[in-house]
Amino acid sequence: MEWYLPVIWAAIIALAVGMYVILDGFDLGVGILFPTTRDEATRDQMMNSVAPFWDGNETWLVLGGGGLWVAFPLAYSIIMPALYLPVIVMLLALIFRGVSFEFRWVAKPKHAIWDIAFAGGSIVAAFAQGVILGGLLQGITVENGAYAGGSFEWFAPFPLLTGVGLVAGYALLGATWLTMRTVGPAAAHARQLARPLMLAVAAIAALVSLWTPIIFAHIAERWFTAPNIYYLWIFPALTAVLVVMVWRALGREHTALPFFGTIGIFILCYAGLAISNFPYLVPPTVTIWEASSAPSSQIFILIGTLFLLPLVLCYTVFVYWTFRGKLAEGEGYH
Numbered sequence: 062m063e064w065y066l067p068v069i070w071a072a073i074i075a076l077a078v079g080m081y082v083i084l085d086g087f088d089l090g091v092g093i094l095f096p097t098t099r100d101e102a103t104r105d106q107m108m109n110s111v112a113p114f115w116d117g118n119e120t121w122l123v124l125g126g127g128g129l130w131v132a133f134p135l136a137y138s139i140i141m142p143a144l145y146l147p148v149i150v151m152l153l154a155l156i157f158r159g160v161s162f163e164f165r166w167v168a169k170p171k172h173a174i175w176d177i178a179f180a181g182g183s184i185v186a187a188f189a190q191g192v193i194l195g196g197l198l199q200g201i202t203v204e205n206g207a208y209a210g211g212s213f214e215w216f217a218p219f220p221l222l223t224g225v226g227l228v229a230g231y232a233l234l235g236a237t238w239l240t241m242r243t244v245g246p247a248a249a250h251a252r253q254l255a256r257p258l259m260l261a262v263a264a265i266a267a268l269v270s271l272w273t274p275i276i277f278a279h280i281a282e283r284w285f286t287a288p289n290i291y292y293l294w295i296f297p298a299l300t301a302v303l304v305v306m307v308w309r310a311l312g313r314e315h316t317a318l319p320f321f322g323t324i325g326i327f328i329l330c331y332a333g334l335a336i337s338n339f340p341y342l343v344p345p346t347v348t349i350w351e352a353s354s355a356p357s358s359q360i361f362i363l364i365g366t367l368f369l370l371p372l373v374l375c376y377t378v379f380v381y382w383t384f385r386g387k388l389a390e391g392e393g394y395h
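Going left to right, the sequence shown walks through residues 62 to 395 as the working numbering numbers them.
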């Protein structure tokens, strides 16, 4: 087997998941923050700030899931049965949330049900994604190349903590997005929420960082044995620096810096999780080489991906450039 093909596909899937978490994270975050205000104009402004982007952002989720299915079918066949319930809940929540974008405007002024669908779908989807992450990180019971656990193996303290943590993280992304892209009451309201959310995210990230090496021996070995310990310390150190930077930028009422600083925090945390578990795709038993499909299959789909991935990236850049600038109250794209 060509050893490099699983590495390439692992990198592509990691890119897709990372792009999804960052891009769809802030628009899910806006939905999570929806119940924090009852002002109709502010809610309209919040929803309009993500209206041109939300559906394109979810393209990355399709690429990540589809890539896993094609390139690593063994991992897909293990992960899906183990996390079937939170995955289904996530997809249903995303459907309700997506429908609310279309129906909320035409249902005015009787649109309370769509406000609930937008906020509820965002919160439930974010929580389910965090549970999926935690369920994967805590390890999946595998016997003879198949899932051997129960339907609720994911229902444990660690996945529930990561679920809460991702809700808080997405809310922070949404708050800093609104401070950057809106003006007036919506921006002021988001800035007021961002600092408490920063504290919550920092506390949960620290708890997860302490919990994982204590509970999982392979993660402790990866981070705290020589020579890794001599250079991996840079990741938590940079994360702490970014937390302080975002906190100070919010206090000084910077607009763009808190958002990009929060993205930096997400990237560093994501890199830390990858370092903790590579090369395991199904921790702690199945590696990317053991889970990979036939080289011919990976090469075939890689050819198409090499053409389509730049198009998706260009489309993403084009949309964000086209709808750049701040959104004032009363403006929108619906």
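Check the hints yourself; a few may be wrong.
So the derived label-pair ranges between C-beta atoms look like this [stated by the list, open to error]:
id, residue 1, residue 2, range
1, I295, P340, 19 to 25 Å
2, A298, Q253, 27 to 33 Å
3, L370, Y291, 21 to 27 Å
Hints listed in this document are in silico derivations from the structure and should not be mistaken for laboratory results. Keep in mind the model is a prediction, meaning the values are calculated, not measured. For each residue, glycine too, the CB sits at the ideal point set by N, CA and C.
Tested hints:
no. : hint                     : result
1   : I295 to P340: 19 to 25 Å : holds (21 Å)
2   : A298 to Q253: 27 to 33 Å : holds (29 Å)
3   : L370 to Y291: 21 to 27 Å : violated (35 Å)
Violation of the numbered hints given earlier is confined to hint 3; every other hint is satisfied by the structure.
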